[in-house]
Amino acid sequence: MPSEHDTYRVAAQEDRCAPRTKLTIPATLRASGGRAFQSVVQDLSISGFSAASINRMHEGQVCWLTLPGLESLQSEVVWWDNCIVGCAFTELLSPIVHDNILQRYSNTGIIRTAI
1 MPSEHDTYRV AAQEDRCAPR TKLTIPATLR ASGGRAFQSV VQDLSISGFS
51 AASINRMHEG QVCWLTLPGL ESLQSEVVWW DNCIVGCAFT ELLSPIVHDN
101 ILQRYSNTGI IRTAI
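Mapped onto my numbering, the consecutive letters of the sequence shown carry residue numbers 1 to 115.
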């Protein structure tokens, strides 16, 4: 029987009821036990994100995403493919914080579209 954590992890990446927005946000990504590296978030929702990853990351690995002006957000790797990592936030991102991020990065001339 899947645990509550497993159920959330799958829902975070597979249930697309939370809109994902394509955008470009400079960020820092750090895998558990590793060094932080510069990354770019490519899509964001309240449940997770995808980002560039120069390092191979493995399913289930804990990592932290740091966006400009925010504290690090804990997440778990759900998939990695050709230097792109998909992660589910450990705790859902506040809709207010999510909307503020979208508003901040839509004002920079970066085109964003729901996927």
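These are computed hints drawn from the structure, not numbers from a lab. Incorrect hints may have been included.
What the hints assert, rightly or not - What follows is a list of derived Cβ distance ranges for each label pair:
id: 1; residue 1: Gln-38; residue 2: Arg-104; range: 26 to 36 angstroms
id: 2; residue 1: Gln-74; residue 2: Pro-95; range: 13 to 23 angstroms
id: 3; residue 1: Gly-60; residue 2: Ala-36; range: 29 to 39 angstroms
id: 4; residue 1: Gly-60; residue 2: Ser-106; range: 28 to 38 angstroms
id: 5; residue 1: Ser-106; residue 2: His-58; range: 11 to 21 angstroms
Ideal Cβ positions, reconstructed from N, Cα and C, are used throughout, including at glycine.
Here is how each hint holds up against the structure:
1. Gln-38 / Arg-104: 26 to 36 angstroms: At roughly 19 angstroms between Cβ atoms, Arg-104 and Gln-38 fall outside 26 to 36 angstroms, so the hint is violated.
2. Gln-74 / Pro-95: 13 to 23 angstroms: Cβ of Gln-74 to Cβ of Pro-95: about 18 angstroms, so the range 13 to 23 angstroms holds.
3. Gly-60 / Ala-36: 29 to 39 angstroms: violated, 20 angstroms
4. Gly-60 / Ser-106: 28 to 38 angstroms: With Cβ atoms ~33 angstroms apart, the hint holds.
5. Ser-106 / His-58: 11 to 21 angstroms: violated, 33 angstroms
The structure fails hints 1, 3, 5 (numbered hints given earlier, in ascending order).
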